[in-house]
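Asks: Read off the chains here:
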Amino acid sequence: MFIQQLANGISVGGIYALMATGYALIYSLLGFSNWAHGEVAMIGAYIAIISVLNAKFPLPIAIIIGIIIAGVFSFINEKIAYKRIRDNKSPTMFLMIAAMGLSTTYQNAATNIFGAKFKIFPGLFAVAFHIGKITIGSLDLISLIVSLVSLVVLDITINHTKVGLGIRSVASNSYTASLMGINVDRYISLVFLVAGMYAGCAGILLGMKYTVYPTMGNVALKAFISSVLGGLGSVRGAIIGALVIGIMETMVTAYLSSGLRDLFTFMLLVIILLVKPSGLMGVHVEEKA
Amino acid sequence: MSSYVEGVAILLGLNIIAVLGVSILTGFTRLFSFGNAGFMAIGAYGSAILTTKYGIPFIPAIIISAAFSGLIAYLIGALTLKLRGDYFLIATLGFGESVRVLFAYIEPITGGARGFTAIPKYTNFYITAISVVIAFIFAWNLVHSKTGRDLIAVREQEAAAEAVGINTFASKQLAFVISAVYAGWAGALYSHNLTFITPEMFNLAKSAELTITTVIGGLGSLTGSVLGTLLVTLLPELFRSLASYRMLIYGIAVVAVIVLKPDGLYGYREFSINRIISYLKKVFVKAPKKGADIVERNT
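Residue numbers (the numbering used here), protein chains in the order written: chain A, 321 to 609; chain B, 39 to 337.
This is chain A alone, in the form it adopts within the complex (with noise of 0.2 Å):
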């Protein structure tokens, strides 16, 4: 039972990472939490699902088109609303606001354009595996796979390639590393479409293991507090933050209480921030004056 549980609560987890590595990424270059992720991943499982229903993609290139258009909207969120902000020098804060009204706009135009109903992904069979003495859904199993080798090969690529040297660099101070020659608005943009595209195929997986609506966006929260959890602009933090939610919510869902689990959540939320505000693996920066 507690092998089961922690089985179906890593397969959880890997879906959290994969949009709170987004998190971690954006916060990491412009310290600010893009709010428009969930909607992004939401925007992916739609693209997805009527690739399939209405336009009668296969299965696998619609999943493709679906996380190709969410990074393209992720990369316009930054083009027409972020950048501008920033060349504005307006305050931090003030690109989470407009990432909250982004976020509005996506959840009520996808409730416009495809209606409040639940969407189901068709021709998806589940069968079970048994793996000694647990037991785990094919679904379960194809996103704990998927988000392992998505997982594995962005921290490849972040620590051990030249593009991630960029990327950390920018991460680090942008201000120097536009000194040393790097093109820091071309960094941000691959950064957001990145994002983007891991979090459309979180969206993606999500929608198959359960159903799409146009506010599913708002499990991104979990995602979020995951990357809080790992340290605010770490990637591995925000992994291993992420394993640690989905774990805690499968745990208190079987052995306490459904109603219990998001109250556990925010909880650890609160906590986290009063003990280690940096969390786990993030470092503390001072506020400068």
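In silico lysine-lysine, DSBU-like type, Cα no more than 35 Å apart, as pairs:
#1 A/437 / B/244
#2 B/299 / A/403
#3 B/320 / A/409
#4 A/399 / B/299
#5 B/244 / A/596
#6 B/120 / A/403
Covered, in the sense of this in silico footprint (three residues per stretch, anywhere, with C-beta under 8 Å from a C-beta of chain B), are these stretches of chain A:
#7 340 to 354
#8 400 to 406
#9 409 to 417
#10 423 to 430
#11 571 to 584
#12 590 to 597
No wet-lab data here; the hints were simulated from the structure.
All C-beta atoms, glycine included, are put in the ideal place defined by N, C-alpha and C.
Place chain B on chain A using the hints.
Replies: Okay, now just chain B, sitting in the frame of chain A:
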């Protein structure tokens, strides 16, 4: 007054009170909070419980529940106000959502997720109007006092404010407590206006709406906040036929204001007739004068 107009006026009034609280916190002290809906919930549920279960009259119930909101803010603030700005925001978010989930969970007291029903309708136009006037006068006097200047100093440069001897922690805590009292006050009026409340009414979106309204109205301006609330509350009423596009337009408007007019409608200045007159003078009187100058020089 027709009941529809009265309903809209009450809604407007209680939104103004809640937004004024956020305005003091965000506009004058630059602390962003995504948890003020939690304080509204405490005020709403607190006053509803006091009037229905303990038979306490409405006005004392408002005062007790608003004060209780303030007390909770004092405790939360004591723990979280030493955090950096964005971490403080996240902590308030966690607080607000915890309140919502907790109220949904403790069903015997709050009615759970299905809501608290049969609250007597005590809120009327006069109580709301008087509340708005008191709230505005208090806020106006606060921001124009020494305490208010301390808050502005914290907003502009916290380290410098501390260096000249301002107790920045106490200033921030004061602003946070006042914003919570205002939110609790608005919440108490809200529950006795609707007569039915659910925890879901006080979610993160509600907190965000309060902050967004303050930003649209303009940071550092009380009249701007009132104007922003007027716009955000009344425009949707005018466009009822476009109900399904209401929130869509609202979202686009938020992004447009933030991107195109970052100071909001009335950023860092108050509404004043004199400025409007001098602006009109500049537009209508000065312009021909300039032309006249050139003509004179040419001849």
